[in-house]
Each structure stands twice: as C-alpha cells, then as structure tokens.
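**Q** Here is what each chain is made of, one letter per residue.
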Amino acid sequence: MKCKSRILGSMLVTTAALAAAGAAQAQDKALKIYGFGAKSGVVGIFGQQSEAAMQAAANIINKAGGVTLGDGSKARLVIEYLDDRCNAEEGINALRRIASQNDSIVAIGPTCSNVAEPVFGILQKKVGDSSDSGIQFPIYTDVAAKGGLASISQWSFRNVPSEANMYKSIFDWVKTSRPELKTFWGGVEKDFAHSNATYGVMKKQAADNGLEVKGQSEWLLNDINFSNQVREMKRANADVVAISAHPFTTCGVLKEMARQNVKPKLLIGLTSSSSMETLQGCGAQAEGLVIPTSFAPVNDNAKSAAAAIQAINPKYNMDLHNAAAYENVFTLKDLIEKQKIMGRPDTLQADRQKMREALAGMTQTNGLLGAVGRTGDREAVKPYLFVQAKSGAWVVAHTPAQ
Amino acid sequence: MDLLDLIDLTQSVLDGVLFGATYSLIGIGFTLIFGVMHKINLAYAAASVGAAYLSLIVVSHVPVPVVYLVAALMGGVLGWLVYLICFRFLPLSNPLATLMSTVGMLLAIEELISHLTQGMPMNYPAMFQSANIEIGSFFIRGDLLFVFLIGCVAMVGLTQLLKRTRLGLATRAVAQQPVAAQLCGMGINSTNASTFVIAGLLGGTAGAMAGAAIGVLSPLLALPLTVKGLVVTVIGGLGSIPGAIVAGLIVGGAENLFQFIRGVSERDIYVMLLLFVFLVFRPGGLFSPPGGRD
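Chains as they are written, first to last, in this note's numbering: chain A, 417 to 818; chain B, 788 to 1081.
These aren't lab readings, by the way, just hints derived from the structure by calculation. Even for Gly, the Cβ is constructed at its ideal location relative to N, Cα and C. Do not take every clue at face value.
Looking from chain B toward chain A, a few residues come up when the C-beta cut is under 10 Å (computed) [stated by the list, open to error]:
1) Gly803
2) Val845
3) Ser847
4) His848
5) Leu1010
6) Lys1015
7) Gln1046
In silico negatives: residues of chain B with every beta carbon more than 10 Å from chain A [what the hints assert, rightly or not]:
8) Phe821
9) Leu879
10) His902
11) Gly906
12) Met907
13) Met909
14) Ile920
15) Cys939
16) Val1003
17) Ser1005
18) Leu1007
19) Leu1008
20) Leu1012
21) Leu1017
22) Ser1052
23) Phe1074
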C-alpha cells in the first residue's frame, strides 16, 4: 500500500513538473513586433511615446494570454523599437536592420514624414515584380502624417488620419458656425515637410470655404525670433489665423502674438500641436486654439488606453500619434491570428507575405474613437473631432458628423 | 516702398538689433574662452541652454530675478564641467582634440535635455514683458531692452575684471605668455578653469535671457545659438568683448533686414555671406584685439 502511494505520488509530481515545463515553454515563446522612429533628438518625444503606446498595448495583450500562432501555440508579444532620430538615412538603416532579422514579420513606424518618404521608397513598389529588388517587408505607419505616402509602395500601410479630410471639415464648420469670419492668414514652418504640406491643405480649404486668403508668414523649425512674421500678421488683421507648425515654434509665434497684441477671432493649429507639449510651452497664449485630432479620451476605450500609456511612464500622454501606434499593435495581433502566422525563422518570408496580404485585405479596423475605414491606396479613414485649448487642457470643441 | 513698408523695415531692423543682444551674450562667452585659451568651445551655447533649463527647477518657488541668478550659477557649474571633461585632460596642442570633444559635448547636452524633458518646450519666465515702449509707429520690447542692458553690464564687468583684478591679470598673462605666466607662479589650469566658470556664469545668464526673449526653452535652441554665437565671435573679432556686443547687434539687425527684404528661406544665406565678407576682407573682425608678443 505504502509502495503504491509512493509510485502514485511520484507520478503526480512528474506530471505536475511536465505541465509546468510546458507552460513555461509556452510563456517563453515570443513574437516580436518592431517599431522605428525618432526616439532621440529634438522630436524624440514622438518615438518615445509611440514605443510606450506599443508596449502598453503589448502588455494588455500578453496579460490576456498573448497571441495565438499558426500552430495553435501561444506567444508573448515583444516590442523592439529602433531610433532613427527623424533622419532619413538613419531611418533607412533602421528598416534594413529590421528586415535583416530572422524574427521580424512587420514593423510600425516611422514617426517623421521626411523619413517615411525615402523608407517607403526602398521597399518593393509593386508586389510580385521580380525586376524590382526593393525590400519586401510590410510597414504599418503610425505617425508620419504627410498626405498620400502609402501609395509609394504596396508594402507600406498607414493608420494616420487624413489631414485633408480633417481640415476640410474644420473649415466647413467655421463657415457654418462662424459666418462672420471673412479673412484668413496663415503661418507656416517652411522647412518641415508635414507643416508645409498641411499648410497647403489649410490654405486651400480656407479659400474653398469662402475665406479671403490675405497671405502667410513663414519661419523655420529652428527659428527663435518671430517679430517680423507676427507684424505681417498684425498688419493683415485677419479674422482667422492658422498656424501650421510644431509646438516649439507654435509657442514662439503665439507668445510674439501676445506681445504684439495680435488677437484673431479664431486660431487654428496643426494636428501635431494638439499635444501636451503646446500646453506646457504656452498654455496661456494657446487659449482658444482649435485643432482637429483623431484622438481624445472621450470614451471608455480611449480613457483606458490613455491610462495604459501613463502606467508605462506618467510623463507620457496619449495623443493622435501614439494612439495610432496603440491601435496598430491590436490590429496586428488580430491579423497574426487570422493569417496563422508561424513566427519561425524558416517561415519568415511567407509570414511577411501573409502579413502584407492581411494588411492589404483590411476593410475596417478598430480604432479608439470608433471604426477606422481603409482606402484602396492603403491609407486610413479615421474618425476625428476638434479640440480646443481651454485653461491648460484640451477639451472637445465639436464632433463633426462623419 | 510706401511709408508703411518703411516703418515696417525700420521696426524689423530695430527688433533684430534688440534681439541681437542675446547673440551678443553668447558671443561674449565664445570670445572670452578663445581670448584666453585660443580654443573654441562649441558646447558653450548648449551649456547655456542647459543652465537655463536647470534654473526651471526653482521657477515655481522664487521670483524671476532669482531664476536668472540660478541660471547664471548653473552656467558656472556647467562651464567648469565642460572644462574638466573637454579641455583639462586633453592635449591642448592638438586643436582638433578639444574641438571634437566640445562638439561631442554639444550633442550630449542637447540629447540629455531632449531625454530629460521628452523634448517638450518649457515655458520660461520673462521680466518687463509688458513694459513695451511705443514711440509713434515704433515699438520697443522692454524685455529685449533688459537683455541689451545685461549685455552692456556684462561687457563693462568683464572688462573691469580683466583689467583691474588679479584674476584678470592672470587671465591676460596666461593668454599672452602661458610659459612666462607659469614661471611667475600663475596656475594655468586654475586660470583656465576660472575663465570657464566666468564664461559659464555669463552663459547661464545668456541662456536665461534667450529663454526669456523667446518665452520658451527647447533643445532646438542649442544649435542656432551656437551658430549665431560663432558668427558673432568672428565678425566681432576673436577675443574681443566689445566686438562681440557690437557684432551681436549687427547680426540680429542684418538677419531681420534680410528676412524682411528676401524672406525667411534666403535670410541665412545673406547672414552667412556677411560672415564670408568679413573673413575675406577683415579676417580679424570689427575689433581685432592686439596680438600677444608670440
């Protein structure tokens, strides 16, 4: 009897040990999602926040059991983020490095449009074109916002809002809700691709909606003196002033406007400035600034995503850029499961191909503000709203019908 | 050009000249170190911006003048650290060694600021912001006048320090005849370190004044201030303190003038052309100091 129970006991111990080893093995299995963008340098906040958002999403997925691979096993999602310093050459190097890894099936990034453009340029233009030796690697961009970039290669996809739609909508709204506003003046950061391209959109939409475009002031990303530009603005005395610039120069211009007592009836800003950076740099002067954005913590999903990134680092805030990185990780998790990605070195090229096909086949994804539509040229149609700076915080000014 | 354009042009130049006071302050620091060690400290403007950032630690607890004072003190500390890391133990006979070490330090400080602040622009307090003077159609910013005044005080103070104190005597002696100065009992290292601390005190003030003039601090400030500081130093005359003041005002005024006439995308071409003209026709700068006996 004693011997029998000893045998039974040792069997139980062995079974338990084997089960534990199996669980540990499953837990050890990892699938990597790469990211790349500006993590250092003067716009390093974009990459730091994107990485944090990707990590926050991966933590939630891993807590819920991870991702199911093609063989039915579970794997943890691991995030690895490379720094390109918002420099085209370093962005290309980052992509080449990622593509040379035997565990890379997809990447999220980059953060800067001036990097995205050449990076997409070294990808294979047309899938299956044997005469094109471009890199065959799927990229799902979160931040780089310049219009139409995904059309460069069939391996590039984006989850960024359409600024053309957003600014069309904001000027439509101005026309209907503020008919007394008649004139427009622009301010543009001339040497930054995104600011410059978006200013073109703002100017066109202002004119299309009946505002008289009286002119524009121009400055550079590194400028520190804005007296000339603001004096031009003062002389124009326009009802609407739109500033297409990133937070540092937006704040410089807003402070100079306060000094020269330039008070337009409506101030419109660049999407990228709808962040805490602007409020921290010049909250008082930004009072009333209206900006279209594809993220605001207005529902439970968005609120919990904002809390998740703060759990990574309390200094980080969710904005339209890193919200896209967060959404991308969840979308990729679904696609990995749907396409039965194996995540093994011997299936690497097939996995990349499957990821591309899955990304190309998307008709709709889940966004934090609601369903995100997809276009034929691999861009996103994201829901958006207008936020306004009020007492040092961004509050929802208007949610347009979409 | 109608009257309105003429008024705008004059106002532009006036604004530029006043804003040039911040360039002057940075230029003085470059020129002071060059005058003593015959070396360029490319990390100077970055350290100045760093000092202004450090002063933000006390911004919510003390009045604005104390914030500026803290910036100056932090500038002194950073100046000494830059000396220690980039100059003290490097072969001074090799001009490239210190040049490269200060380039490295510039990038390191800029990166450190970016990481510690997540690259966020920080609000910086200004004095006399609303004390603007309006004369007819013209408008003079009170805060920039204050910066200009600080620049003048710095120039007078430094000149007196160099002419009337033992430290100044040692500094001039080391600058002119380092071996003879050492034989007379003057410590070369301590004199150099003191120069860096003094330049750093001034740099901290310059960083604070630049922050106050713009209203915002950002890591983006380090590079343009470095470039402007170097241009001012060359135009003013390497080693000349009054030269740095005058050249700062000239560069500020010229910058705004060219911007008014040719636009922002061509502005810097003309400023660099001005530098080129000086290098070719007056390489010693506006106030070339008398050379040493060597």
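**Q** Now tell me, hint by hint, if it's right for this structure.
**A** Hint by hint, here is what the structure shows:
1. The beta carbon of Gly803(B) is positioned within 10 Å of a beta carbon in chain A (closest approach about 7 Å), and the interface hint is therefore held.
2. For Val845(B), the suggested interface contact is broken, since its CB lies about 18 Å from the closest CB of chain A, more than 10 Å.
3. Taking 10 Å as the C-beta contact cut-off toward chain A, the hint placing Ser847(B) at the interface is violated, the least distance being around 13 Å.
4. Using the Cβ-Cβ criterion of 10 Å, the hint placing His848(B) at the interface with chain A is not satisfied: the shortest such distance is roughly 18 Å.
5. Nearest Cβ of chain A to the Cβ of Leu1010(B): about 6 Å, under the 10 Å cut. The hint holds.
6. Hint status for Lys1015(B) relative to chain A: holds, with the closest Cβ pair at about 9 Å, below 10 Å.
7. Evaluation of the Gln1046(B) hint against chain A yields a held restraint, the C-beta minimum of about 5 Å falling below 10 Å.
8. Chain A leaves Phe821(B) outside its interface by the beta-carbon criterion, the shortest separation being 24 Å against a cut-off of 10 Å.
9. For Leu879(B), the non-interface assignment is confirmed: its Cβ lies about 31 Å from the closest Cβ of chain A, beyond the 10 Å cut-off.
10. Taking the minimum C-beta to C-beta distance to chain A, about 7 Å, the non-interface status of His902(B) is violated against the 10 Å cut.
11. Distance to chain A contradicts Gly906(B) as a non-interface residue, since its nearest Cβ pair spans about 4 Å, not more than 10 Å.
12. Once the 10 Å rule is applied to beta carbons, Met907(B) is inconsistent with being away from chain A; the minimum gap is 5 Å.
13. The claim that Met909(B) lies off the interface is violated: its Cβ sits roughly 7 Å from the closest Cβ of chain A, which falls inside the 10 Å cut-off.
14. Once the 10 Å rule is applied to beta carbons, Ile920(B) is consistent with being away from chain A; the minimum gap is 13 Å.
15. The beta carbon of Cys939(B) is kept farther than 10 Å from every beta carbon of chain A, the shortest such distance being approximately 20 Å.
16. Residue-level check failed: Val1003(B) sits 5 Å from the nearest beta carbon of chain A, not beyond 10 Å.
17. A cut-off of 10 Å between C-beta atoms contradicts the statement that Ser1005(B) is not in contact with chain A; the least separation is 4 Å.
18. Distance check on Leu1007(B): its Cβ comes as close as 5 Å (rounded) to a Cβ of chain A, failing to clear the 10 Å threshold; non-interface status is violated.
19. The beta carbon of Leu1008(B) sits about 6 Å from the closest Cβ of chain A, which is not more than 10 Å, so the claim that it is off the interface is violated.
20. Separation of Leu1012(B) from chain A is inadequate, the least Cβ-Cβ distance of about 8 Å not exceeding the 10 Å criterion.
21. For Leu1017(B), the non-interface assignment is confirmed: its Cβ lies about 15 Å from the closest Cβ of chain A, beyond the 10 Å cut-off.
22. For Ser1052(B), the non-interface assignment is contradicted: its Cβ lies about 6 Å from the closest Cβ of chain A, within the 10 Å cut-off.
23. For Phe1074(B), the requirement that its beta carbon stay farther than 10 Å from each beta carbon of chain A is met, with the minimum near 25 Å.
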